[in-house]
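Work out the full structure: start from the sequences and follow the hints.
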Amino acid sequence: MTKLTPVLSAHWDEKDSFTIEGYKRHGGYTAAAKALKMEPDAIIQLVKDSGLRGRGGAGFPTGMKWGFIPQGDNKDHYLVVNADESEPGTCKDMPLLLANPHVLIEGIIIGSYAIRAKYAFIYIRGEVTHVVRRVQQAIEDAYKAGHLGKNIFGSGVDLELVLHVGAGAYICGEETALLDSLEGFRGQPRLRPPFPAIAGLYARPTVVNNVESIASVPSIINNGAEWFQAMGTEKSKGMTLYSLSGHVANPGQFEAPLGITLRELLELAGGIRKGHQLKFWTPGGSSTPLFTAEHLDTPLDYEGVSAAGSMLGTKALQIFDETTCIVRAVLRWTEFYKHESCGKCTPCREGTWWLVQILKDLESGKGTEADLDKLLDLCSNIMGRSFCALADGAASPIVSSLKYFRSEYMEHLHNGGCPLDPQASTLFEKAGV
Amino acid sequence: MTTEVVDMITVVIDGFEVSVPKGTLVIRAAEKLGIQIPRFCDHPLLDPVGACRQCLVDIEINGRPFPKPQASCTIPVEPGMIVKTQLTSPVAQKAQEGIMDFLLVNHPLDCPVCDKGGECPLQNQAMSTGRGESRFEGKKRLFDKPINISSQVLLDRERCVLCARCTRFSEQIAADPFITLNERGALQQVGIYQNQPFESYFSGNTVQICPVGALTGASYRFQARPFDLVSTPSACEHCASGCALRTDIRRGKTLRRLAGDDPEVNEEWNCDKGRWAFKYVTALDRITNPLVRDSSGELREASWPEAIAAASLGLKGKRVGVLVGGRTTVEDAYGYSKFARVTLNTNDIDFRSRVSSDEERDFIASHVVGTSTTYRDLDRADHVLLVGFEPEEESPIVFLRIMKHVRKRALKVSAIATKLSRGNEKLQAIFIAVAPGSEAEAIAKIELTAKSVILVGERACESAGTLSAVVALAGRTNAKIGWIPRRAGEPGAIATGAIGNLLPGGRPVSDPAARVDVATAWGVDSLPTSAGKNSDQIFASAKTGELDALVVGGVDPLDGALASEALLALDRAFVVSFEIRPSAVTSRADVVFPVASVTEKSGSFMNWEGRSRLFESAVEGSLQRSDVRILSMLADAIGKPITLNTVKSAAKEFATLSKWDGARASFTASNSKNISVTSDEAILTSWRRLLDDGSLQEGEVNLAGTARKSVVVISPKRASALGVVDGDNVKVSNTQGSIILPVLVENIHDDAVWLPRKSRGAHLLETLGSASGTLVKVGKA
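Protein sequence lines correspond, in order, to chains R and Y.
The first sequence runs 1 to 433 under the numbering used here.
The second sequence runs 1 to 781 under the numbering used here.
Any given hint could turn out to be false.
As the list claims (entries may be wrong) - Taking lysine-lysine pairs in the BS3-like style, the calculated list, with each CA pair at most 27 Å apart, reads:
hint: 1; chain 1: R; residue 1: Lys403; chain 2: Y; residue 2: Lys253
hint: 2; chain 1: R; residue 1: Lys374; chain 2: Y; residue 2: Lys94
hint: 3; chain 1: Y; residue 1: Lys32; chain 2: Y; residue 2: Lys408
hint: 4; chain 1: Y; residue 1: Lys648; chain 2: Y; residue 2: Lys253
hint: 5; chain 1: Y; residue 1: Lys480; chain 2: R; residue 2: Lys366
No lab work stands behind these hints: they were computed from the structure.
Given below as structure tokens:
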């Protein structure tokens, strides 16, 4: 029996899944209509009861976040959806928005009503023009259908939804940098406190949620908290989108209950590409410490991954087989973080600059074993010392790769360069496929 | 006095208990114990940012430790907090050393040629916190250098540690957000906008608070090593804000001036004029020897005895007027005051070398003397009303203090002015536009409380009845009055009686008991009894011969209302001039005494609050030729000594006189005069800009480069009537002369036309013989 539990992705294979008609054919917007007849606090309680946790990486309980918004404060409240999916390997929100943008809009209607927000924003990654267009069209259609704007669903509730296109900065996925960017400033993380729930967008109480978190809400409204709780593990409830990429036979998004293992997911994805073996993988995108084949049976929920020394993150499983040079892979990621460091704090800005130079030397066989210790020491001076989590993410693959593959680093030094053939790891390499 | 109740919180830092007010940041609490946590982005007067991460410490609260070190510059103390700094926590120590490693990755090792070398927080803290040699072996980031972000500030981007002090200062303190961080990662850098240079009156502070040598002043760059400089605490001679400064001298030459730290007055800031306008001190044309006009009519150098004798001869037994100028120290002003009364037997003395009025003189005697309005009153005010006063242009530190409260607690500010200025826009002031002459009507409509402060500028005297309306408003509402003149010497000159209706200590000339007080202290039988002439009258009398001679301190005759008459008076009378450089007075004088500039003498100024601003001579071995010493020699020669041989003796004697505790002079209200205008006419209005053609700014081209452009400001209605748009030339003229400048259409009263009073291409008093309140023609040029 398949382990898959398609909810969000249930109808992605239908030709018109992204249209309002296609969405409504499967009960779309009935949850919103239902929710608008509920008490807002009851919705918050329902989401709390469901056990839904943030799908953007941190896993913070969504209902609790909504509950932090002070009510009766005579201030505008805002719901902001973080659709700035930029983590290397992460590819779940963009396919979701491409295939079913209306489920997000319906979730936004419910969430905004729950926290008493009259304005909501989707901050979407700017590079994905095709997704931007599709979401824009969906918003227009929802307005036309009376699901957004004044007096939505004839309930007397007003809601304006604005799509804001980011300008291409990974840091804007960090919620406070996102808010700065949304306000028109350069995206750099803000000092907290105050937290967004107290002073977020335009210094007003604001909830920032991931696309998948909000998109999960309509199904909870329609099916109830118990239905949601029935999926997943003790503290990690519900279904979620796992995205597998890299050296797998059938890469893509797999919607399954939290707690599924890589071994199970690989079965669904047709296994590692033919003729090769798993070498290492990321459980939640490149900023989460690497796993190896010994973690094939680690339950992929918040607690399971954490207990094994990494983070569930965005459930972006990047799979690498034995043809991949660990030093090269880590260098590429580090170059990404160097490029994306916002520059605000010293350890991230200067640290990533430094790390890249050391890793480049190591990849080309320059340096000594002492450089590996220096690398680890620099990482220890970066992790937990920077302003936001970006630099932690930059150091994670380095530290974990040295934990599992120190000998391969040493091989580079003994060999005077990379012992592997980089072409062998490419997907266009036919040999062995 | 009300006592402010402050909640105190006790925390333990490195094993020591310390109690600090609620809200205090951990880094400040540690300072209180003498524990110095290294830092770069932290600045006590700027909002915390937590960017540099240098100040990481270990913290636990009620037994619950934070999982990772925290930036002590962003975390306020809490009850039950235990802090371990680098002194007691190996984790904090390693974290700090790690950050220092990173900071030096991209910082060049150019300390030997960097201006900051020797006084550099990065250098110092790299020594205290870093390792001796860097572990970084790679390539550093490079930038073209330096970049002129304004004519006076240079930026070396590769030295920048991106602490954002400069950008936060510009945004949060000066409200001039003209510099910003741009780009990202290690390529992040300070930048300016394409169309808006860094033309802030306060830009020099960014140079001072830069913790590395990234921002340097164009005038000081490559001039000195900090360890070759001798620093002296000093006071600013430019305006009446009263900034504490530090003057740095190398081999007798002033090389730079920095803002001093005085939390009550200028906090840690000053304006660019106070910082950079000191080149006049080292100007090549300084007068160094006495000059005497010989029989051929030429001024020639003379010995001191000869000059003293010549001056004595010209003054003894003559009818003399004394013009003190607004830039004297308290001690020198006291010297002039005593010299006029004791040696010359006259009350014909006035320090006001500017447009003035008798209404103002009465106002000074009745409402400035004996009033103590202070910066603290601004801190507590519920509403600040500005009358004839542009704080950003005329008293920049007063501006910063108001700005601080506008930003922090939305202090209400109202401005009664002819034109909305950029400064008042920044203060978000309620702008009450008036035509010159109708200020009094607007003042009568204002509502204030006893917690409000009315700040009145020296220009309030230029519209009759304005000061009377201010007096009425204060009487009606119990609001406090703060009178703020432009020049640093004026409050001190009032206190010492360098004005015709007051004796030292604010004693009214008209009060017999006051005269007896002073006569007794001075050991003379009596003092002249009637109030003396004002400066306009002194010039007028000298012109007609009613006065024989003039004793003139640092006065520019072209700053007064009667510029041409003043020159004729100087031509006619016997003139004894006390000056530092050749001027329109020295060229007409019969005897010129060279006097010390502010860096070459000791003394004190009194700021607008009445607070004493003491300073010592910054130049070693200077001759301390303060005016008072020369006046004392001259008095001896005339035979009516004032016995003030040193600055110290003048200060001491003035202090023993104490303040007048008798009745204040009464104030008689004046009526205002509305001016009617025809369609092609306008009423002239103007003020001095902070940076203009003032003589104390001469020789400093970098500073002059950031002066605001000279323009003629008219209202949109007048602009459309004339058919002109921004940038078109217009002509402002009267029977005396005309000025042509580009026009700027702004928020100004329809009847008024505004020009800068003494900026490039606009010397109003010289060209038009008027600076405000008179009719001029405005037309397309």
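Evaluated hints:
For the hint linking Lys403 of chain R to Lys253 of chain Y, the alpha-carbon distance of about 63 Å lies beyond 27 Å, and the restraint is violated. Between Lys374 of chain R and Lys94 of chain Y the alpha-carbon distance is near 14 Å, which keeps this suggested pair within the 27 Å criterion. Distance check on the hinted pair: Lys32 of chain Y and Lys408 of chain Y sit about 25 Å apart at the alpha-carbon level, within 27 Å; holds. Distance hint between Lys648 of chain Y and Lys253 of chain Y is fulfilled; the C-alpha atoms sit about 24 Å from each other, no more than 27 Å.
Using a Cα cut-off of 27 Å, the hinted pair Lys480 of chain Y and Lys366 of chain R is violated, with the two alpha carbons roughly 74 Å apart.
Checked against the numbered hints listed earlier, the structure breaks hints 1, 5; every other hint is satisfied.
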